[in-house]
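Protein chains: 2
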Amino acid sequence: MVITSRDNPNVKRIAKLTKRSEARSEGVVYLEGTRLCEEALSSGQKAIEVIVAEDKISWAKEFTPDIEPMVLSRNVFTKISQTVNPQGVAIVINEPKLTSDIPSNGKDIYVVLENTQDPGNLGTIIRMADAFGLSAVIVSPTTCDPYNDKVIRATMGSVWHIPIVRKTMDECFEFFARTGTETLAMHLKGDILSAEGLKLPCAYFIGNEGEGLTDETTAKCSRLVKIPMKGKAESLNAAVAASVIGYELSKLL
Amino acid sequence: MVITSRDNPNVKRIAKLTKRSEARSEGVVYLEGTRLCEEALSSGQKAIEVIVAEDKISWAKEFTPDIEPMVLSRNVFTKISQTVNPQGVAIVINEPKLTSDIPSNGKDIYVVLENTQDPGNLGTIIRMADAFGLSAVIVSPTTCDPYNDKVIRATMGSVWHIPIVRKTMDECFEFFARTGTETLAMHLKGDILSAEGLKLPCAYFIGNEGEGLTDETTAKCSRLVKIPMKGKAESLNAAVAASVIGYELSKLL
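Those protein sequences? They're chains A and B, same order as listed.
Counting in my numbering, the first sequence runs from 1385 upward without gaps.
Counting in my numbering, the second sequence runs from 1385 upward without gaps.
Fair warning: there could be bad hints in the mix.
Label-pair restraints from in silico Cβ distances [to be verified]:
1. B:Thr1418 / A:Met1385: 49 to 59 Å
2. A:Ser1409 / B:Ala1579: 14 to 24 Å
3. B:Thr1563 / A:Lys1573: 34 to 44 Å
4. B:Gly1581 / A:Asn1489: 23 to 33 Å
5. B:Ser1442 / A:Lys1430: 54 to 64 Å
6. B:Pro1487 / A:Arg1458: 46 to 56 Å
Note that these hints are calculated values from the structure, not bench results.
Heads up, the beta-carbon is just placed ideally off N, CA and C, and yes, glycines get one too.
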């Protein structure tokens, strides 16, 4: 049966979930569009609801054969969609729990985000960490929501692949001390970044886009490093800095 | 005199310029907000018009003392502003001409963007190029507008500092052949990226976000390289890839 009214209670319920704050409070993630949905499904995420436009029933049959989809008229799908040209495909999944344990294999690289605010940066860092073989992305409680739509898009699927761990800075330092993990902060007075002279396990800290790392976190790190910059700009985008360090450290893997 | 009507002809004219397409067709750039305006002015760009909210006249006196500002009521400024919480400060500058000559000093690094579409990526690449000391950012005719507001924001001022050159791929290869510039394309079958074994001048090509480099451009490059990725994700964000190569090559400077 095709639902043709925006006032249908099921449509109202889904429309609420398209707002990230509502979805988060219910412990779910709303994903829209073929790429986002298919990436999540192929990574083992289970759809708990499937919503398709009437011309996309075949998509649901192919990708979520075990679930009865909610079928909306094109018009209604477009009304609840958050995108400009909706593809007519959406799923709801349970929000993955942020891992509470930091994984450890003795040769780990961790990127620790103290207070990343830009969803594009967070997503790009998650994607980079997955590409360079980092063990986990560790996010502070104040870092932006990893299941924000913009973050998920920027990860190109990596959000489903690499452990994302939420920890306070104190918890991080306690773990790193216990496991003999070197801790790096970027600082203008630091040593020039180079894989030579560093060893794993190693964690590096990336601060807020505008303010950088807090002095407190910088002071607790075992080592200060700097990315050599031979040009005129004095700083790099946070995701670029995180990526250059991830690339350099991954030479030790 | 404070302009209090949205229908004032001068206000209408400025409101048009807040749309990038209109500003471009008039050969100007509209910049709003203290950071963007001050970055441009301190980099030597000249304001040809200054627009401030009535409570920001002191800003104009400080930063653009030679120009009579157009003073708008807060209400009118907010109406024409493209931002959610307008700071009440805007300038119009002449659009810098994209350089037509590729600068050359014999030890150059160039990043060449074949068809970059995302303004955030383009801005991040311009900022990175300025930080790592590249000689120029070369953009294809299809690459997105460098004076797009989102690009300018992401460059953090570097858009005013590093030469941005618009060239076709054919023009690039002709120049690189003439100057003995090594040309790098990323390819899965390439050599592992390393500054050792490479020499300057050197240009590297970055393709479109979705499709990568065209086969035609890849085939014309003198050398194929790959960024080693020891994790599971198979690709990197275009700005991250450009930054890692820029970082590695800058070791040769």
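Here is how each hint holds up against the structure:
Roughly 56 Å separates the CB atoms of Thr1418 of chain B and Met1385 of chain A, a value that falls within the hinted 49 to 59 Å. The given range of 14 to 24 Å is broken by Ser1409 of chain A and Ala1579 of chain B, whose C-beta atoms sit roughly 50 Å from each other. About 38 Å separates the C-beta atoms of Thr1563 of chain B and Lys1573 of chain A, a value consistent with the hinted range of 34 to 44 Å. In this structure, Gly1581 of chain B and Asn1489 of chain A meet the distance hint of 23 to 33 Å, their C-beta atoms being roughly 32 Å apart.
Range check, Ser1442 of chain B to Lys1430 of chain A: about 59 Å between beta-carbon atoms, so the 54 to 64 Å window is met. A hinted range of 46 to 56 Å holds for the C-beta pair Pro1487 of chain B and Arg1458 of chain A, which are about 53 Å apart.
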